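Number of protein chains: 4
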Amino acid sequence: MITSQEFVERMKSLKPNCYMHGELIQRDDPRMMVAMKDILMTYDMVDDPRFKDILVTTSHLTGNKINRFTNVHQSVEDLLAKQKMTRELSRLSGTCIQRCMGIDMVNALSIVTKEADDKNGGKTEYHERFKAFLKEFQDKDMVGAAAQTDVKGDRMLRPHEQADPDLYMRVVERNAKGIVVRGCKVHTTVGPYCDEMIVTPCRSLTKEEGDYSVCFSVPADTKGIHMLIEAANPTARKALPAEVANHGIAHSVTIFDDVFVPWERVFLDNDPQLGARAALLFALYHRHSYTGCKPAYTDVLMGTTALIAEVSGIEKQQHVRHKIAEMISVAELVYASGIAAAHTSTKASSGTQVPDVVFCNVGRKHAGTNIYHEYDILCDICGGQPQTMPYEEEYADPRWRPYLDKYFMRKADVPPETIHRAFRLAQDLIAGPVTSNMQIAGVHGGGSPIMEDIAIWGSYPIEEKKKIARHLAGIPETPKEPKDKK
Amino acid sequence: MITSQEFVERMKSLKPNCYMHGELIQRDDPRMMVAMKDILMTYDMVDDPRFKDILVTTSHLTGNKINRFTNVHQSVEDLLAKQKMTRELSRLSGTCIQRCMGIDMVNALSIVTKEADDKNGGKTEYHERFKAFLKEFQDKDMVGAAAQTDVKGDRMLRPHEQADPDLYMRVVERNAKGIVVRGCKVHTTVGPYCDEMIVTPCRSLTKEEGDYSVCFSVPADTKGIHMLIEAANPTARKALPAEVANHGIAHSVTIFDDVFVPWERVFLDNDPQLGARAALLFALYHRHSYTGCKPAYTDVLMGTTALIAEVSGIEKQQHVRHKIAEMISVAELVYASGIAAAHTSTKASSGTQVPDVVFCNVGRKHAGTNIYHEYDILCDICGGQPQTMPYEEEYADPRWRPYLDKYFMRKADVPPETIHRAFRLAQDLIAGPVTSNMQIAGVHGGGSPIMEDIAIWGSYPIEEKKKIARHLAGIPETPKEPKDKK
Amino acid sequence: MITSQEFVERMKSLKPNCYMHGELIQRDDPRMMVAMKDILMTYDMVDDPRFKDILVTTSHLTGNKINRFTNVHQSVEDLLAKQKMTRELSRLSGTCIQRCMGIDMVNALSIVTKEADDKNGGKTEYHERFKAFLKEFQDKDMVGAAAQTDVKGDRMLRPHEQADPDLYMRVVERNAKGIVVRGCKVHTTVGPYCDEMIVTPCRSLTKEEGDYSVCFSVPADTKGIHMLIEAANPTARKALPAEVANHGIAHSVTIFDDVFVPWERVFLDNDPQLGARAALLFALYHRHSYTGCKPAYTDVLMGTTALIAEVSGIEKQQHVRHKIAEMISVAELVYASGIAAAHTSTKASSGTQVPDVVFCNVGRKHAGTNIYHEYDILCDICGGQPQTMPYEEEYADPRWRPYLDKYFMRKADVPPETIHRAFRLAQDLIAGPVTSNMQIAGVHGGGSPIMEDIAIWGSYPIEEKKKIARHLAGIPETPKEPKDKK
Amino acid sequence: MITSQEFVERMKSLKPNCYMHGELIQRDDPRMMVAMKDILMTYDMVDDPRFKDILVTTSHLTGNKINRFTNVHQSVEDLLAKQKMTRELSRLSGTCIQRCMGIDMVNALSIVTKEADDKNGGKTEYHERFKAFLKEFQDKDMVGAAAQTDVKGDRMLRPHEQADPDLYMRVVERNAKGIVVRGCKVHTTVGPYCDEMIVTPCRSLTKEEGDYSVCFSVPADTKGIHMLIEAANPTARKALPAEVANHGIAHSVTIFDDVFVPWERVFLDNDPQLGARAALLFALYHRHSYTGCKPAYTDVLMGTTALIAEVSGIEKQQHVRHKIAEMISVAELVYASGIAAAHTSTKASSGTQVPDVVFCNVGRKHAGTNIYHEYDILCDICGGQPQTMPYEEEYADPRWRPYLDKYFMRKADVPPETIHRAFRLAQDLIAGPVTSNMQIAGVHGGGSPIMEDIAIWGSYPIEEKKKIARHLAGIPETPKEPKDKK
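Those protein sequences? They're chains A, B, C and D, same order as listed. Residues 3 to 488 (the numbering used here) make up the first sequence, in order. Residues 3 to 488 (the numbering used here) make up the second sequence, in order. Residues 3 to 488 (the numbering used here) make up the third sequence, in order. Residues 3 to 488 (the numbering used here) make up the fourth sequence, in order.
Treat the hints as calculated values from the structure; they're not laboratory data. There could be a bad hint or two in this list.
Identical copies go unnamed one by one, so any copy, or any two together, can satisfy a pair.
[What the hints assert, rightly or not] Derived lysine-lysine pairs resembling DSSO-like cross-links, with alpha carbons at most 30 Å apart: (1) Lys17 x Lys349; (2) Lys54 x Lys349; (3) Lys349 x Lys39; (4) Lys408 x Lys179; (5) Lys482 x Lys209; (6) Lys225 x Lys142; (7) Lys485 x Lys121; (8) Lys67 x Lys137; (9) Lys67 x Lys154; (10) Lys349 x Lys86; (11) Lys318 x Lys209; (12) Lys125 x Lys17; (13) Lys14 x Lys469; (14) Lys487 x Lys318; (15) Lys413 x Lys318; (16) Lys413 x Lys154.
Values in this document were obtained by computation on a predicted structure and should not be read as measured data.
Please put together the full structure from these sequences, using the hints given.
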């Protein structure tokens, strides 16, 4: 395992290919340093007594100690530990732990590469390639980006039906040494500060779409990759420095401008059925990760709501308690769904532990359909203060500070600075530059609610439920009834 | 284990003390036979290959084979098996499995009796009494009613503050042989066809309320017990007999008119703190049972919705799929919460396995706040047919049947009888004599949503969540901060 | 105007053609007398000083005094008076005023008959026929049923595509004297006790569907009409008689078995476009009626909730007030939408006043999507009592009444009979034989929420809203942009 | 009436007393010019043929032509015109029209000053003072800020119970020439660019709180007034200029540091009952204004949703239509409530038209409880693009623009710039610097949902609703029943 300082050094050694506000930026640009703060935390916390037992594990491949963010889950306990780690780390920053992107991809590929080889009767060697990659990924304690979401063009057309065939990532050339890919991936979280760009399709594919069914990984500074960056960083604090203001997040539009991938890093090619499975498996692991990070973010929102209520003297009011109980329900139902998904998980042929599809999806969906409502609750309890309070410079100004201390008082025994700090935290959460990132990622990250519905419908035993209805109704079964998929 | 026929015989042997529509009724009155059908099923199914592995277990006390509905849970697996059994049996009838009442009480008492003895330094013998009772309960394969909910009088007053002290069950005499109790319990499901009436308090109690903190069990026909019955039975079917029409449910207002309880069956007396704990523990076990039965009932509602959609030709419509996905989410989030509660369960000093409070309560609450919405969905997909269709006699009448067959057609390849059966099932569910029972029990059974909020607030680590907020806000902790309860 | 007694006599004079539970019943069968109680009220109340000013108006056709339930609305004030009358009468019974069915049909036909004549350049005489019919309808103070909803067969097929062409009402013969129609209408409220069966199509129609685009009216006992009845009547009261127990409702499946309609009563034939308009106009008037009756029913539900809270001593609790405020919001937003629809109404070529489509539909939809939630609230505040309380016979029994008086006490100063009456009212509302009728009609009556969405989409200026977006985005308009329909 | 340029000149002539980011700023600071853009629009549009008929009216006081934003409403039509004007102007900017603040205050004061004089038997001259003020306000075409919300300290204590008596605005001195006031008002929208600071209490007051029951108006640069500013301005556009990016909003924390108010501008003093009435009346007028501006903002959100759906090729998808129909329902139910409030309005003794309390409050509350949900819908349909798209500089860069044009394509016939413009509009709405202002003001502006509940409870005839319940239940009325307030 490496230190966060070593990680930053490695980032600096990559060839710059990230653009922002018209500039080609360095990976240790101050704005990137804020955005990657959560990633750095995943390195630092391996030595923290509160977290090391859960953050450090043993590689099933090498037997070495590894950071759990590079682990391929082998058991129910692994899945539970990943979920717990995600919840406990994420809430330290008030934003997103980010490093799940790579590891969720790695787990998906661990399964698909093996299934491809099984299907091909040993004529392919995807899984061996994957294991070589995994060894390096673990040994170097790497961060991977999940370059999954294609730009997708006309939403009513399939990849091969688009006016421009490049609107989904595709192979444009295959040669002795490897393949050349073209396309553009969006919403690439950690793109600007990752080691590897791990790529899979993002949807179901038809038999015409062999060129679109490609999985691979390349270093983030590979020739032909250009990243256009968006960073959601909090407003810097001077007078009232606070941890919430230290953590941001960045995403890239990631252009693959005829990028060469050597065969050693091609993990699937020309297999629409397994290409789609890779897409679904990444989504599945990522939705399971959400059952950890989303409760963490609700912890932050509910803790802030409770804190604001406390300093305002209203924490025992029935409506406040009722609203916080709503937040608790969201957090714990989502967390419960992740626990249940782990406990009903199954083993893939590769040995990788696969969480239950239905529980992951109902959990992720519940989070996604409640996120704006949780903001509504915090906003409701705060009143308008987080929006209209003066800037920090006024608070720091000796002319105005006495007024602000006098007039922002709430409960008489709470010091004025505590009031200001509590409301500035609320401001960062509901009225700051990171707010919309958390709202929008809360809905769409890991798949929008409608995608969870589709995943649920794809695996739910609805025919079994109709059988129950027929049994109660006295309708005899006939050979014509449809069957559930599994 | 006994057979259902033996159970009915035992019921007939009890002294009649149940009144309904102005009559003193027998326990095998035809209306009671319909109401107790689910109970009978719990006896019959021990021989059914689909259920016997989960329904039969081994007593930790005697080592004998017992019906799981008399088991004191000893492990995570026991809790999971109870939850699964509850879901799988409940959905066979389209109503409520009923027999959870007694076993949830028994589990609560297994803990409280031991804790009382521990607290009293061995000066009491509640747990030994309990074990003797449990042995009989298991050996005789008994059904217990949970006579818990007091009539409660003025909701703003505590038990000892009421104008009439009998508005909560209380001890009015203690003598050498036992105690005499007076009061009235309501909503006593299975009251009219149970072996034992198991009694605990239903709320928190203060030190003035020693007489109210009593737990005991007596045979259901004990002198002084009078039951006034309400039965929710489906409309009988002649032309189109169906399983849904075979199952009802009954409740009693249970008057304890100075009932004598021998000391052997007194499981707690004069201990407000543990009396309240008994109340909470029964609620906890019962809410865990709800994480099994409520998903079962959603299975029935969603299966019927899917069936109606199928015969109407609309099952692939997006809005239908979206609405069924909402039902799936309710069922599986509630089920997940029960799984999570089992997996994070702890052991009481008695050895009984205690499910997690927060997961049980968020699960039960989610069910309770969604039940009317689920009816709304089924109603929405059905249209008005379940309300306004002619009576079965018209369907059976050769003059009208051809018209009803002709005009109730939907998809051309679905036989008309299937259509009629499907809509009559929907009618039984949303527009029949059992409907309101399932709606109201869906909200209040095992505790209303507001009671779950109270339970959640009583055990949730909200101070820990405020700490997260303070950490992010840069507010230093001081010795003054409140602490979480545990 | 006639008296209610005269109306009953007229009903008795009709040829019996209603079947129920295997019997051919009389129109003054005791079960029908309960069901038609609301209709009788509309006759009786013309002499009641509280209602006569709003219930009696002047015919624009004859200048005679008429019951407003036979009026063709001529002004904003007429629409407002109709809405107000509907709210004020409906809440006297706790169920549905029923007589809106006919008058909403009459208003729709007043418009369509004129538009047909206009369109046909005076070659048809539909409007004259209509006026002759209207004169009789008003003079005889008639009750009309709206036989609108066809059985509809396969929901994915249009009328002319069905396997059986009779699954929508159609003309099977046209001759010198009139037409012969065949089909079956469902959900015919007041069918069993109306004077006239008024018929229109229930949906959009294509040019192939001329035979389906027929509007007419015939006496309810016309040869070939058979009604199969369903009645939702409350449980009769003996010990605690109450107004709520006096009012029910009945519906029929109405079979038109080759019914002859003379040309004088044919109001449209062979005009799919205006046939569809008749369907929409009836729906529009009926949804406007819902903006009166639905708030009335919420008045009943909220009044009961407040009464239960009062007698239980919890009426000032914050959660109770919050929940009642939710009910108030539903009632008054729906009522406001009807006022707004009246104030933005327009005049048809016939002179009839047409309420605004969007306001009527958002109002009706808001009611329909909240009805189950309102039941949830009343259920929540009541607790389980309305379901499990003993039957009235036990309350009347001198042996049990003292117990029931003692133990059902709540606030000490509320007499026990008041408690029993309040909870029996709640029982009739949420757990009685009429409950499902009000729930299901609450969703579907006048059109299901999805039908309101379709109506809204059919007339909302969404292109204008996109223009606003383009203006803000700086996107120039081009001639290609779609236009709003009107 | 003046021009917008004259208004800006007048602003420049005021003494600077606004502080922001540590600076004393000018009122025509570029950041203020963006924030006041909506105010300027209210001057400019009096000449716009689309708006002049509704924006220009005649003073009832002077008979002069005035801007309706200075009008005291005299009729139903005035209230409807104000509501319509507010909707039509607000949606031109995608933010808040702002100028309602002053006029809602002026209308409230027109009533209270008269009622005070009436109550005092003509011994006070508040209404004459008010009329003199109104004349100037109209003649000079002024903008007023509503300095209403006090800082409020401990939320469980009344004004006179606070540790610091200044936590609500109060009179600290009364002398021959006027009064001296001290306190701090927050959320003062338009504070930094208004002519007059109009002040009322913000809550109910007790008899001890005479010093707190003061209403007055002073010029915004009066000695002792200090404003600490917060501005929510959109990100400036260079490459893709757009109207949405031209409009922001600013608020102040407004400190009254012993400010002298001459008697001519004191509109109420030492009258807690009428002080509270002023608070309620301002809230009432402001909530009526919300029934105009809130539908306008929903117009913007729904138009953008429809535009995004159109360019993505999904506008006919059922789920998209369903979600936009939800937005339509919110917009039109809220608008309907304002129409209903106008049509059921009454006249105050001053002649001012007062909208109905219940309709205004259910409307405002419906808006407030749905605002986050509307964002959720727009976010849902957009996907993650509005958050993660590259900055405008990359779009302007000839190196990247071809890639961005190629890869952001959706429907093949929509030009790439249109796609970029549409998503940048969505970004400004859901992920920009103004987003949180619209979310938080959407909940709290004009009063939080809980305040509307309180207002509804204060005037709703709940006892009448209980009477309906008693009538249905057969419970006789007794003289003890409580009465509704009016």
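Can you list which hints this structure breaks, lowest number first?
-> Hint check: 1, 3, 9, 12, 13 fail, others pass.
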